[in-house]
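Undergrad: Listed below are the residues making up each chain.
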Amino acid sequence: MTTTHAEPVHGGLPHEPEKATAEGRNKVLAFWLFLGGEAVLFGTLFATFLALRNQTNEGPTANELFHLPLVAAATFFLLVSSLTSVFAIQAMHRNRPALLRNWLLVTVVLGLCFLGLEIYEFSEYVRHEKFGMTTSAFSSAFYTLVGFHGAHVAFGILWISLLIGQLARKGLTVVTAPKIYVSAMYWHFIDVVWVFIFTIVYLLGKVG
Amino acid sequence: MAAEQHTRDNGVKRRHRQEGPQKHIMVFVLSAILTLIAFAAVAAGGVNVVFAVILLLIMAVIQVFLQMGYWMHLKDKGHMMPIIFMLGGFLIAGTCIIMALYWVWWD
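Respectively, the protein sequence lines represent chains A and B. Position 117 of the first sequence, counting from 1, maps to 117 under my numbering, and the rest follow consecutively. Remember, my numbering sits 1000 above the position in the second sequence when you count from 1.
Rather than coming from a laboratory, the hints here were simulated on the basis of the structure. Computed from a predicted model, the values in this text were never measured in an experiment. Honestly, I wouldn't trust all of these hints.
[Stated by the list, open to error] If you want a taste of the chain B side facing chain A, the calculated C-beta under 10 Å gives, among others:
1) Leu1036
2) Ala1060
3) His1073
4) His1079
5) Gly1089
6) Ile1097
[Stated by the list, open to error] Now the stretches of chain B that chain A is said to cover, found in silico as 3 or more residues with beta-carbon under 8 Å:
7) 1028-1034
8) 1049-1059
9) 1062-1072
10) 1099-1106
Ideal Cβ placement from N, Cα and C applies to all residues, glycine included.
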């Protein structure tokens, strides 16, 4: 097949710049090992939560506490942000740094919306529901699991924001591309963890 | 290895396989539908608990498979080691969860 595509000649940037150098390939591979470790970490927190979810110590129960519309909105923000980070990587593979930056910005903004909702949710629980970290075994397990995920979102926002800055200074190269790629993998993983959180913590908490 | 050669020579011979956004949008739509079904089933209320647990877990697992396969590219070539890493992680995570449930339910 010698069809010459009508694609623009990229200014020296390979098709998949994140895998163009040994360093880039190693970075992506090692990041997957890290994500495997993250899966273990969240697995232990899920295990703790599942063991303690009914130990409410006469404090609020999951069913009394959770408001599904808020959780649905947070879920929507994170799901869309995962899609926009796919678009960011596709823009990177087409060597379009400006489009890449814009999709990363959208991802960060959606992540901030999610984080804002979570902060609002936690503050409501603490102030109005008398549901603090030390209220019950359920509350400790809840805040540890969901808060740890929220901390990951906050870290991802900071990380991707810094990468946007680096992209502006250094441009899209075989050095910056692997960093952007692994940050997108991290962001997808956060969304994957959230799928389990809204299912196991919130929806099953409502069911009983 | 062949794919890496293609990316390195950076020339016209390189066979482009630029994937479009369609598949990813499809994964998004499917994820949104699975999420909606899960929320709707709980919001409607009155569902049998065992049925709800099974339904919700199936919805979640399908969604996770879709997103990890397409958005994280695990279905693509050259991802054997990442799959092994993730399966290893999920295996240990699952062991912890089963341990905790066993500990609570059948002590």
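Undergrad: Run every hint past the structure and note whether it holds.
TA: Right, here's what the structure says about each hint:
no.	hint	in the structure
1	Leu1036	holds, 9 Å
2	Ala1060	holds, 4 Å
3	His1073	holds, 9 Å
4	His1079	holds, 8 Å
5	Gly1089	holds, 3 Å
6	Ile1097	holds, 4 Å
7	1028-1034	holds (count 3)
8	1049-1059	holds (count 6)
9	1062-1072	holds (count 6)
10	1099-1106	holds (count 5)
When the structure is compared with the earlier hints, no violation turns up for any of them.
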